[in-house]
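Novice: For reference, the chains in residue letters:
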Amino acid sequence: MYEFSRGPLVWIAFAILFVGSVYRIVSAIVLARKDKVVLPYMKWKFSLRSLFHWSLPFGSHNMRIRPAFTVLSFLFHGCLLLTPLLTLGHVALVRESWGISWWSLPDGLSTMMTILVIIVGVFFVLRRIADPTVRFVTSYLDFVLVILVLAPFVTGLMAYYQVGNYETVMIVHMWAGAIWLAMIPFTRIAHMLFFPLTRAYMGCEFGHVRSARDW
Amino acid sequence: MTLVRQEIHEMKAKNWDWQIGTRVLADLAKVRSSYARVDELDVSPDGELIAAPVKLEEGSFTACINEERWPDSYEICWFVRFTPAGKLIALVRIDDEWTVAVDGVPWEERFEYVWNPRFSADGSSVAVASKRDNLYGITINGKPWGTTFQGMRDFCISPDGTRSAATVQVAPLAEADVPAFFAGVWSVAVDGKAWNNRFVNAWNPVFSSDGQKVAVEIRTDICDYAIAVDGDPWPSRYGGVWAPICHPVDGGVIAPARLDGAWVLMKDGNQMWDGRYNQLWLQQCSRDGKRVAAVVSPVFGKWTVAVDDVPWRRVFGDMVQQPVFSPDGKHVAAVVKENNRWTIALDGEPVAADFDMIWDPVFSPCGSHVVARAERGGKYLVLYDGRTGRTAYDRLWEPVFSSDGRQVMLRYVRDDKYCRQVVSLNDLLK
Amino acid sequence: MKETPESKVVDPGIDETSRRLTPEKIQRVVKHVLNKETASRLQVYLDTCVRCGLCAEACHTYLSRDKDPNFSPVGKVKATLWELVKRDGKVDGEFVRNMARIAFTECSVCRRCSMYCPFGIDIAYLLLTVRRICSLLGVVPLYLQDTTNSHAATQNQMWVQQDEWIDTLQWQEEESQFEIPSCRIPLEKEGADVMYSVIAPEPKILAQLLGNMAQIFAVAGENWTMPATDGWDNSNMAMYSGDFEIMGRVERLHWETAARLRVKKIVMGECGHAFRGAVYDGPRWLGWQFPPIPMVHAIEYYYDLLSSGRIKVREKYKEHVTIQDPCNTVRGRGLGDKLRYVVNALCENFTDVTPKQEHNYCCAAGGGVINCGPPWKRSRMVSNRVKAEQLAATGADIVITPCHNCHSGIEDIIGHYDLGMHVKFISEIMVEVMEVPEHLKG
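Chains as they are written, first to last, in my numbering: chain A, 1 to 215; chain B, 1 to 430; chain C, 1 to 442.
Hints were generated in silico from the structure; no laboratory data involved.
Being a predicted model, the structure only gives us computed values, none of them experimental.
One should not assume that every hint holds.
Chain A is nowhere near these chain C residues, computed Cβ spacing over 10 Å in every case [as the list claims (entries may be wrong)]:
1. R87
2. A220
3. L253
Straight-line Cα separation of at most 27 Å, DSSO-like style, residue types lysine-lysine; simulated pairs [stated by the list, open to error]:
4. C:K424 / B:K417
5. A:K36 / B:K302
6. C:K2 / C:K318
7. A:K36 / C:K36
8. C:K86 / A:K34
9. B:K55 / A:K43
10. C:K377 / C:K204
11. C:K25 / C:K67
12. C:K204 / C:K67
13. B:K302 / B:K213
14. C:K36 / B:K302
15. C:K90 / C:K31
16. C:K31 / A:K36
17. C:K86 / C:K31
18. C:K265 / B:K379
19. B:K302 / C:K441
20. C:K2 / A:K34
21. C:K67 / A:K34
22. C:K424 / C:K316
23. A:K36 / C:K204
24. C:K204 / C:K318
A virtual CB, placed ideally from N, CA and C, is assigned to each residue, including glycine.
Sequences are here, hints too, so could you generate the full structure?
Specialist: In structure tokens:
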């Protein structure tokens, strides 16, 4: 089981992520042709301008009027993406398998980042419950998604601190990670794929077509 | 409309002065100094006359022709235009009532209002929309419809000018009475007699060339459209239709319709072209009816002309206007616009020069030459077979070919003088 | 159920029509719109929204109603589109009625929320899709549908008869000559540089605005014209009722009228939604990527006149003024800076609003909301308390509103919240303060 999890499972997860993502993006673009009024208005300049403003902390008005949320959100998304890529254990695994490696985070830092992801993730959950506006549009699926996203981090942390049976925890960790990866294209985590597309389109509608700012 | 007008032109043009040379017919500075105000100019088809509404004094207007004026004056006189027959008409107000003055003589009938004059192709008929006692109708050559209606919008007259048709409101409609509106209060009246069928809307009626048939766009529900001919709708409903035309020879009704999100060209309720376009309108038949051209958009944001369902390869970004057939039907030209510059495209190829504005192309009788007037930097120019004339005019009206096509008559204003020039085709650009 | 300003509204346009619907018809129309008329945008937007609620703060309705979640942009989508998708269109008439209320009267499709959504989801587009469904089902607030019917029957917004239109222009030409004797409203002048187009309320109830424009054009020395046929009205409530076929018909006639008159551009009066219809929504539905002939909004035209010196200011307007940024020309065209240039050029004492420019609050009248008529007025007032607070904070006496919907909407707000202010169009101030050259005085 352990061998399967650290070998084929990862392959399968990445394959699903890759194929699924390509499928989602391509089908969005193909459908955009059917929409007729999307692609003819797209311009790199305004797409990138919008992406720049919205990828930069405090780059938009809405980010500035809620600074705490902006900081937490950027920390969450940054750590969420970087930690798995740069954790020593993951880099070591890749080196063992393919002999390639890259810089990795010091253990302390990656632990801290993991904890941050979990804390902010929990904050998001609490916000969903506490803020009536967000609660109003929340369904059980939104909690499932957070659990899906946090599970690899929680189990990773458990593995690092050797909580429980190490091998079991590792298997759960790997499965959690694999499920998370595989689910990206097929759940609302796909917002990660669509962010550049929707942002670019709106950037063009505001900037190219309407000579206005969208941030 | 265009081709019939061309035919008439050619017929009449025989009797006009085609001697090569230029005649100065009016000194506009002198005209202006004679009146308190001179408004929009118009010129006669034979080029001999230039006319405008002029203000004599406060509350007193008339029309001037060359350096003369109509003897009578009116409280208001506007829309001074020449008919294809060369008569001068104006919309005039006398004692707070409106009528049409033809060559300075007002019609006997008076109205609350008259507007939107239309001429038959030969100019023998002048029709206006007229209103009396808050009811609407058409008046042709001074004779109003026997029946009038609560509302009226689009109207047309038959090519020979004897008949008229209009979209009319045939039942009262209270304010914000949406159910009554969708029950249908609009119909078409032909010579004042309304069809029995009522529609949610009716737009753009048109007569067949023999004047016996009227076709119109109709709407029968929120998103159900069709064409009705003499009161009877085509059997199917479409997501949209545009103005119909009648085939000049067989009288069939040709109109664009929207089928499953794409536009197709229909004839008498059947699909006429296979092509499915993003947009399709302004269809035209050649004079012999053998060919049909239309403005089409093959893909979003690109426009061109399709002739017999074959779009020109060249497409234009801004706009393509109504295609014009040569008299022999072999060529098609249209005004096209790209990057905010206007020009003419002939058989799919745009002229190299572009302009601030351009008017419809005019074919020579044999169809092998095209002239048009264009504007650049506030001056008017002649465009002839793709080349631009050197002379700049302050105003220029549509160039006219002689019947044999060897001369062109130019009607223009230069140095504040209205001139009529006949020039041989070979010298047109000199 | 808690009583709200809208809970007791009687509107036969949505009450009676929704009662007559059958589940089959609803589902058929919903499926048609979701499967045939929409594509990528709808799907991607639905899949991308992470329910973060960050759009909420953008909405004047939400802010004005004490952050009631029902009025956040995402809350409105949840109550309409999400449900339609989830239930595959199997909803009842009561649902459709609520959907119509939300989409037509509680969202002015101002697109401010698109600037607050991290993904740039065009929430207004989603609500317009809901309106489209309602329109095809015949469930549209009565007064709004009546306006659309006017467009369909008369090609203008207010059932203006063809003779009334010309007669009004001739009357206003005479009126303007009392101020500047050489003033004209040249009708049907083929080959003029500019066609001036307006919305139907101008000839119907605000005719003096036409006379004002005649004076401005005279002083500017413009070569302009207006059509004496249908096609003069640039407004388009069909765009907002969801009747896109009629929207397209109105816009096509408007553009073809300009083409028939061979003008080089259209200058339009101070209206926002008309700009949107003529420049964006109309051309796109018809297949034009951009308007076929350039269209210049009054704000931009005044800016050109003032910045080029074609119109000079005799003496600046003295009253304390502030402005309303119309969504469709500021967020929809980036004319915020030019608007401020014009106002500063004309007025001595200008206090800007906060928030401003693209971030200014909607007037809550646009997007067809005010056209839903008297039954919904109280709801509309309650939905824009923030606008009243924002305007009051400027301490100004005059609110300059270069848009008809803003003008009427803000006038209502001033009345409802007793702000003691007045609204004015730019042109009204311009004719007061511009210098009329001697040779025109006659």
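Novice: Can you name, in rising order, the numbers of the hints this structure does not satisfy?
Specialist: Violated hints: 4, 6, 9, 11, 12, 13, 19, 20, 21, 23, 24; rest satisfied.
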